[in-house]
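Trainee: The listed protein sequences correspond, in order, to chains Z and C. Heads up: the first sequence begins at 1 in our numbering, then just goes up one per residue. Heads up: the second sequence begins at 1 in our numbering, then just goes up one per residue.
FYI, nobody ran anything at the bench for these hints, they're computed from the structure. Among the hints, a few may not be true.
Said to hold, decoys possible - Among chain Z residues calculated to face chain C with C-beta under 7 Å, some are:
#, residue
1, K3
2, I8
3, K10
4, L14
5, K258
6, G261
7, T269
8, I271
9, Q274
Bear in mind the structure is a predicted one, so any value in this text is a computation, not a measurement. All C-beta atoms in this analysis are idealised placements derived from N, C-alpha and C, irrespective of residue type, glycine included.
Each chain, letter by letter, is given below.
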Amino acid sequence: MHKLIASIKKETLLLTRDIGGLGILFIMPIILVITITLLQDTTFKKVGGGSSIDIILVDNDKGSLSDEIKKNFEEIPFLNPITTQEEETITEAKAEKLVAAGAYQLAVVIPEKLSSDLDKQISENINKILSDFEGSVTEESKELTTRVEQQIKPKVIKFYFDPVTQETFRSSVAFAVDKLISQIETQSIYKAFEKELGESAHMTSLNKQKLVTYQEINPSLAGNEVMPNSVQHNVPAWTLFAIFFMILPLSLNIVKEKGQGTFVRLQTTPIKYQTIILAKAILYVLVSILQFTIILGIGMYIFPYLGLPTLQIGSNLGVLYAVTMASGMAAVGLGLLLGTVFTTHEQAAPFGAVLVVILAAIGGVWVPVFAMPEAMQVVAKISPMNWGLEAFYNCFIRAGKLSDIIGELGLLVGFFVLTMSIAIVYYEKKKNV
Amino acid sequence: MDVIKVHNLEKQYKGADFKSLKGVSLTIQKGEIFGLLGPNGAGKTTLISILCGLLSATNGEVFINDKTYASKKDELRKLIGVVPQEYALYPSLTARENLMYFGGMYGIAKQELKSKVITHLEALGLAQFADKKIRTFSGGMKRRVNLIAAILHQPEILFLDEPTVGVDVQSKKAITQKLEALNQSGTTIIYTSHHLREAQELCTRVGIIDKGEIIVSGSPDKLIAEVQDARNLEDVFVELTGKEFRDYA
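Please build the complete structure, drawing on both the sequences and the hints.
Mentor: Here it is as structure tokens:
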């Protein structure tokens, strides 16, 4: 026990005197979490309605329908349609160039005769329906219908997207426009019916309200509703990334010891390798808890000053710390294993850094696991960062209890035990080279 | 009494196409200062690493006080002290912090350890630098602290791998005097060096190792007498190992 305590004390002294190392462990995660959350929050707001993106609207129709589209576009919270530049109307060719140059992310081109053709088509369809209904279909009317159908060519609303535009944004816009067109079409049909059947009091009393609407509900494991936002998503994800980034300084710590000869000296003293790495593990798990506490404090008290939502930690603070500790253990175990296996800084540093990024990618920090290809979903399920992330989401977003995350905690602690054991066995085998 | 017995020791590193040690047999008696001399790549560090328990042999046996590392690792580690070729100190810790940590690994009581640290630092002229960080020390100062770290627990056997390499005359003198004092208090010393004059003055017996084999051993005076026209150990060394370079890659 004395040796373990002495080793923890030594590791603490080494760490506290390494300003660069402290920076990596504490300052970088703070910068990372704040930066990513601010960026994601902006995107959240852009897509969710906080601030708007300028888009080009080229109106080749100049009819009632394009006016309606323009009006409705203006009502979409995250889009700001513009039609002119330097007091000149933007043409389709100009719009294409502007988007290709990256000046705008999107240009929407409304085709010629959209209003008139749509009116024609709807009127014709209604006439057909009414004729069928009244039983007054004649050869002449059939011929007229066919002629009108031949005259009306399918209309295409073109979207010019900047190639760098993310798929999520493209989908959001396409969905919004599609919904808008459907609404306009429905309204046009109503109007056409009114026109054909007469604007009687009976017709104007038609219920034009949407029958089906949707309501977004965010249920939690605790039963109450929680509101997800950029902070609730990003703080756990990037805190976990920061915790796992500890792999890098920790593995380098061991490699450095090997290089400076202190490790050789320790090997000749009556201390076991288990004690040496356990001391490092204890300190670095404490570091991960401290990292988390600092980020938690920033999320709760500093984020509001940065215009971000306040981090909601719910009532299960103990469970949050349990997840942090277990995640810290998993990261530390991996760091110790890499430090044991590698012998030079040149091996450990790039491998450790890339490994953390890969773990984050397959763990679902960047792309949700459900959105991954099937094979990657399987890989994600065996990634320690995914276990930590799931456990954190259960706490931060789903308001879960200890019983909801016990599986993930077990996996994380098991991973720690496994990596430590492999490190010890490898060390003993390596000694016999 | 033989404190170290080495029998037919062989070492071939994994992937190597030659043996670094080829059937080395050796005995070292209690109270000796044994110098292990040899050209670069002769096998000195490999042999001393096996004797310290840092490496395992491919074949052969090593007994320290009639015990092996395989059966009594912890016991033997308390018995020996090792001064590695590297400084083997934490640069960002002070001399005192380094020594308290390494001394603590031998289970020495805190107060006793504190007192030993100061005593040794004073003996090697480093007391006033006790609370300075190692990174600010000169090579000679680091070598002296390196030695202290290995003797705080009063080892019965002390292994030193080139303990005076790259140090000034003053530090070298202080280190050799300390080694003599330790030897007089009963510590058996085994050390490797390229400083043949130092070895001639310090060692009661030397062994010259070349190409993985001990080619000769005995007291420096005896070896000098046995080799024709040899005036010192350096002449003996050159006569026995030749003048060609021993470069390995």
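Trainee: Each hint should be assessed against the structure and marked as holding or not.
Mentor: Outcome of the hint check:
At about 6 Å, the closest approach between the beta carbon of Z/K3 and any beta carbon in chain C falls short of 7 Å, and the interface hint on this residue holds. Interface hint status for Z/I8: violated, as the beta-carbon distance to the closest one in chain C is roughly 11 Å, over 7 Å. Satisfaction of the interface hint for Z/K10 is found here, the shortest Cβ-Cβ separation to chain C being roughly 5 Å, below the 7 Å cut-off. Nearest Cβ of chain C to the Cβ of Z/L14: about 6 Å, under the 7 Å cut. The hint holds.
A cut of 7 Å between beta carbons decides the hint on Z/K258: the least distance to chain C is about 10 Å, and the hint is violated. Of the supplied interface hints, the one on Z/G261 holds, with its beta-carbon coming within about 3 Å of a beta-carbon of chain C, less than 7 Å. About 4 Å separates the beta-carbon of Z/T269 from the nearest beta-carbon of chain C, less than 7 Å, and the hint is met. The interface hint given for Z/I271 holds, since its Cβ lies 5 Å from the closest Cβ of chain C, which is under the 7 Å cut-off.
Hint status for Z/Q274 relative to chain C: violated, with the closest Cβ pair at about 13 Å, above 7 Å.
The structure is inconsistent with the numbered hints 2, 5, 9, although it conforms to all the rest.
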